[in-house]
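Number of protein chains: 6
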Amino acid sequence: MSNDQLQTLQTKTPEEGFELAVKLSQHGVEVTQTSEEIRQMLRPVYARNADSLIAVSQVIAIHFQTIAAANNYWTVRTPQYWRRPPQYWY
Amino acid sequence: MSNDQLQTLQTKTPEEGFELAVKLSQHGVEVTQTSEEIRQMLRPVYARNADSLIAVSQVIAIHFQTIAAANNYWTVRTPQYWRRPPQYWY
Amino acid sequence: MSNDQLQTLQTKTPEEGFELAVKLSQHGVEVTQTSEEIRQMLRPVYARNADSLIAVSQVIAIHFQTIAAANNYWTVRTPQYWRRPPQYWY
Amino acid sequence: MSNDQLQTLQTKTPEEGFELAVKLSQHGVEVTQTSEEIRQMLRPVYARNADSLIAVSQVIAIHFQTIAAANNYWTVRTPQYWRRPPQYWY
Amino acid sequence: MSNDQLQTLQTKTPEEGFELAVKLSQHGVEVTQTSEEIRQMLRPVYARNADSLIAVSQVIAIHFQTIAAANNYWTVRTPQYWRRPPQYWY
Amino acid sequence: MSNDQLQTLQTKTPEEGFELAVKLSQHGVEVTQTSEEIRQMLRPVYARNADSLIAVSQVIAIHFQTIAAANNYWTVRTPQYWRRPPQYWY
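Residue numbers (my numbering), protein chains in the order written: chain A, 1093 to 1182; chain B, 1093 to 1182; chain C, 1093 to 1182; chain D, 1093 to 1182; chain E, 1093 to 1182; chain F, 1093 to 1182.
In isolation and in its complexed conformation, chain A is listed as follows (with noise of 0.2 angstroms):
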């Protein structure tokens, strides 16, 4: 993963989040494997298990739920009572 990536959660769109996402799990492996050589070795096995591969998933699911928090979900919520005219407060 490259540094600037990380200096921020912040995202454009839920895809560009998902991303990222992506990114953040396979960097959770990579601190962990730091061999990029064994990485690529592994690669193959996991990539034709469904089990592994539904973990993965998981695991990138996780980290959306942080990064869509991070975001606000990719939305402005106005709240409620800012919609009301502002003679009602007074």
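Derived from the structure by calculation, the hints contain no laboratory data.
A couple of the hints might just be wrong.
Claimed, not checked - To give an idea of the chain B side of the interface with chain C (calculated C-beta under 7 angstroms), a few residues:
{"#": "1", "residue": "Pro1106"}
{"#": "2", "residue": "Ala1142"}
{"#": "3", "residue": "Asp1143"}
{"#": "4", "residue": "Ile1146"}
{"#": "5", "residue": "Gln1150"}
{"#": "6", "residue": "Gln1157"}
{"#": "7", "residue": "Tyr1165"}
Even glycine gets a Cβ: it sits at the ideal position worked out from N, Cα and C.
Given chain A's structure and the hints, the job is docking chains B, C, D, E and F onto it.
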């Protein structure tokens, strides 16, 4: 997953939110095993394995958490104090 | 799952919320293995496997988190400052 | 689980909250394997399997998250600004 | 776990919060396998199994989430608008 | 883990927050298997097992959720109503 669906996490109903959760779960597999062919080969195996199905259901559940939060649980929450008549405030 | 149940995550009691969590967990399996026949075949196997049952219980727990949050934990929370008599504010 | 316990997620102490989490975890198993007889048969097996016990502990942990949040972590949080003397506000 | 520790989730530091998370994880095992003798028998096995250790670490992580939230992440958060000088408000 | 790092969950960047998540994950293993010698023996095994690496990545992801929340996702959130010019309020 078509890109237009990941432009937003907003859905009209919990039903649609659940469908989106299913798609995100599948998307997490697709980004790891990009070959449609291999994924199709794996499908009949894990789709007949109870533990794999439960694991898939768990990934869906995690994504559904995210999507439900993004949609404020598909409910408008009027804050407590708002329901009070305005004269209570002044 | 009947559609009318997934129109809302609101339930009257935690008991009903738990039942909805069970249904969402099952729904997550149904969308992956759409054949009712195959699911019925798998059932006697995983229902007698402790680890499968624990895994199912975990998926239910995750959905119950979502549903409990959607129902504000089935409790009305009066904010601290609201309980103070109004003269404290002015 | 007796119905009266699932009428609320509120407990007096974290200790009681943990007990409720244990019950919800068991409830998740009960709804899937409704036969008390079979569950009793499975018990001695998984209760002597470290990985099963860890998995049970995880389900309890997830439910405990929900119950702790429902009880506002068994603590009254006075908002920061409230502690300030009133004259600071005017 | 001594009862006095589960009377509150509040801890002075993250370090102590982590220790409490460890205890809650163990407590989840204890309530399922109440025999101290059997737990001691299982210990040398799972403590030498990497996957079991990782699973234990995961349960601790889930409890640590709860405890960290209960302690407001061991930080006082002054709301943004509070830092503004009072004249900005009137 | 040196004690000074667990005195706070605050980090300057997401990158540092991720590093702390890695350490907390390892810490969860260390408290269960306190022997450095045995841990070193286990390492080459799980570091070459894809499923173990994915499981480690998941524990990191859970801790990263906690740390990200503790750091308010490394972003200052100005509330919506604050951006409005003051005259809108009076």
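Hint check results:
1. Pro1106: Cβ of Pro1106(B) sits 5 angstroms from chain C, so the hint holds.
2. Ala1142: holds, 4 angstroms
3. Asp1143: Holds - the Cβ of Asp1143(B) comes within 7 angstroms of chain C, reaching about 6 angstroms at its closest.
4. Ile1146: holds, 5 angstroms
5. Gln1150: holds, 5 angstroms
6. Gln1157: Because about 5 angstroms separates Gln1157(B) from the closest Cβ in chain C, which is inside the 7 angstroms limit, the hint holds.
7. Tyr1165: holds, 4 angstroms
Checked against the numbered hints above, the structure violates none of them.
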